[in-house]
Amino acid sequence: MTLMVLTVFSVALTLLGFFVSVPLYKRLTILGLSLALLSLLLTWGRPFALGPYQVDGIAQVFTLLALLGALWTVGLVRSRRFEFYLLVLYAALGMHLLASTKNLILMLVALEALSLPLYALATWRKGEGLEAALKYFLLGALAAAFFLYGTALHYGATGSLLAGTPGEGPLYALALGLLLVGLGFKVALAPFHFWTPDVYQGSPTPVVLFMATGVKAAAFAALLRVAAPGVPDALTLLIALSVILGNLAALGQQEAKRLLAYSSIAHAGYMALALYTGNATALGFYLLTYVLATGLAFAVLSEVSPDRVPLERLKGLFHRDPLLGLGLFVASLSLLGLPPLAGFWGKYLVFTEAAKAGQWGLLVLALITSAVSAYYYLALGLAVFQKGAAEARPRPLARSVALGVALLLILLGLIPGAVLPALAAG
Amino acid sequence: MVILAILLPILLGSLLLLGLPRTLGVWGAGLSFLLNLYLFLTHPGGMAHEVTLPLLPGFGVYWAFGLDGLAALFFLTIGLTVFLGALVAQVEGRFLGLALLMSGLLLGLFAARDLLVFYLFFEAALIPALLMLLFYGGEGRLKALYTFLLFTLAGSLPMLAAILAVKALGGSPSFLLEDLLAHPVGGRVAFWVFLGFALAFAIKTPLFPLHAWLPLFHQENHPSGLADAMGTLYKVGVFAFFRFAIPLAPGGFAELQGLLLFLAAISALYGAWVAFSAKDFKTLLAYAGVSHMGVAALGVFSGTPEGAMGGLYLLAASGVYTGGLFLLAGRLYERLHTLEIGRFRGLAESAPGLSALALFLFLAMVGLPGLSGFPGELLTLLGAYKASPWLTALAFLSVIAGVAYALTAFQKVFWEEGQRGAEDLKGAEWPFAFLAVAALVLMGVFPGFFVKGLEPLAEAFAKILGGGA
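Chains A and B, in that order, are what the protein sequence lines are. Under the working numbering, the first residue of the first sequence carries the number 1, and numbering increases by one thereafter. Under the working numbering, the first residue of the second sequence carries the number 1, and numbering increases by one thereafter.
There is no bait here: all hints are sound.
No farther apart than 27 Å at their CA atoms in a straight line, the calculated lysine-lysine pairs in the DSS-like style are these: (1) B:Lys412 / B:Lys426; (2) A:Lys315 / B:Lys143; (3) B:Lys386 / B:Lys463; (4) B:Lys452 / B:Lys386; (5) B:Lys143 / A:Lys387; (6) B:Lys279 / B:Lys412.
Just so you have them, the derived chain A footprint on chain B, three or more residues with Cβ under 8 Å: (7) 115-123; (8) 160-167.
Source of the hints: derived by calculation from the structure; they are not laboratory data. This structure is a prediction, so every number in the text was calculated from the model and none was measured. We treat Cβ as the ideally placed atom computed from N, Cα and C, and that holds for glycine.
Isolated chain A (complex conformation) (with noise of 0.2 Å):
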């Protein structure tokens, strides 16, 4: 029904692009994927299977989150052009095809059905955004072409195109490898993370968000599916070098953006612990609340500047805008893991489901580095209550988004039960 919703929206729209305004067209957009989101809770918890294409609680959970992740790309966005909107639309309908099948085939097909109108959104600036768009695109490439030759392998070794068919053998093992380099490129995995800080910098800061939220949570869900079974000890060595790059790398930084976008390959690593047990509902608690920090900070970044964003220029936003400035602040807070906000929760979920697999090695390393977060966490949060003279001129609405979006981490952190239920019925 979701996916019924989401084609009939990406069809009609890109038809009614040449006849209708802008700002009607973004409304449109919003209503399809409202109700794409709407279509979702209503079969909340009842699989449905269609062929490949199969509905079951992990594809519903991540699907939520990827639409999440669209809506407020949507929102955020002040474009001009009506291909902006529905580049998304076609994007969030990849999203969740990727998220609702286990064929690898249906997979690959979903994979580049939401890659394709993300590496022309990354273009939407001109001049380093080419750039930008560029890498993402020769990089994403590649990664269809080993998550490709993964599933080639996949078959000789097991005979199925199922993604977590059981088998043995070094072509498993190498298959396994292979499409987790390519899913591990499209969520940030160390080392395939280095496309990550140019992509976040030089694209438009609302699809950052798109890229930080949608795009991992669908990947995600195909990665739980890929890698449930018998996880490979190479998912191991991803995760270590994810959350040591990820954060050693992040500490250097003065710009907010390259910042956010390395935190968010440390994040990938603290998602991936999840996966050791299958568990999706930690994962998802874990997206979720990432989607709502990450979110809040690009948010309030792109009411500064849809440009980058040093830390310099967050300076004195507290003073200038309170709510913007606590937004932000929260939102850090949220990321960085302290309780009792909601992104606590979420790493005390997947650092658990770590514990249950007895991956005590990864565990200490998952908390020492989250120690390390702190410090540039707090240097991103922290800078807007300094002296300064921020300039930002929000919208009525993104103030009252901001206030929302920070009420509701707090109310997750207090009551984290309230959503977990919800969430693994789904």
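Use these hints to put chain B onto chain A, whose structure you have.
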């Protein structure tokens, strides 16, 4: 009742943050104090007022609170200190709101019967402390803030690992303290688990050499002393060792006991030594705090019932007298706009009431018999002597040193010949002085009344160590 006692300051504090007038905060702090006093007076001695509500039942996490003799004692001293602070600290309503918020979180911390809930309050209490420093701190506040936070977070993350490990490896169905105690961890695991806890709590004690955040924290905080008094209450390390770290991994503690006793003794001496040469009133108090916490930790680490009781009593009492002294420093700063000890001189002549109050607080701090510091120090001495006579002797040099630095400072500020005059106690400072002195005397003369619920706890504590090590 406990939930109400915890929520009242949190709600009031939040309301004040939204801009309600300061007076409301003073009344609220008074109400909170009365409620805590009532809870303490009606406390039967054992475990009372237990509440358990689901937080994340699927993961074994519960909002579980309960008031034993120990928690009740801390409820009383926190309520009192915050009320004293609200009475005299000339701060705006929002600042007071943060202090109230923090006091509620501290109450939750002391009453928590679930390890993860304890962790939540432990970390959450950090946020108001951080905001007080951030919004009302001095020029170098960002550096102080960073140091404070990095130390704290560096400690609390190993603690989180230890919390996860205690449950996962011990096989407990939940984080409730009674479940965890029924499923202890042993062997190497116990060592690592204890180490994780010990790092976090040693920083919060603070034990030498992990105390480096403390002096900066006090120097940069608002001169009113309110934030400092709250910071004194936040020194929960000794309590947490007693309640969580040691009982949950007694084997690990046994391995590290020697080292910990040594560090505690060193902290006691080192703190006293630095305090002796301090030029500034707040630095003196900060290091005196390090010294006192060293003594308190020595008591708990001794593993004897007397030592543990003494250490905890000292911790509770120091919340009142050190907090009181910080508030007094705030009063002095308001009058003379300096905290440099050398620049006061001869205040006793112009402000006799103020100097009498200061004398009381100082004497309580150095452990004069009959005032609140004494019973704790005596018991600690008795207990620690059993565990390690030499280290105890070493540590108690700090008590002598304490008399020296406290009296020297007092003499310089209030007696030495000088021109500076200052206004005597006025307005709300009178009830502040009476309440503080009454508390100091009562806690010194009737310690038995305040420790009534402590004895069985300390016995059980020593028994765990005797049987589990």
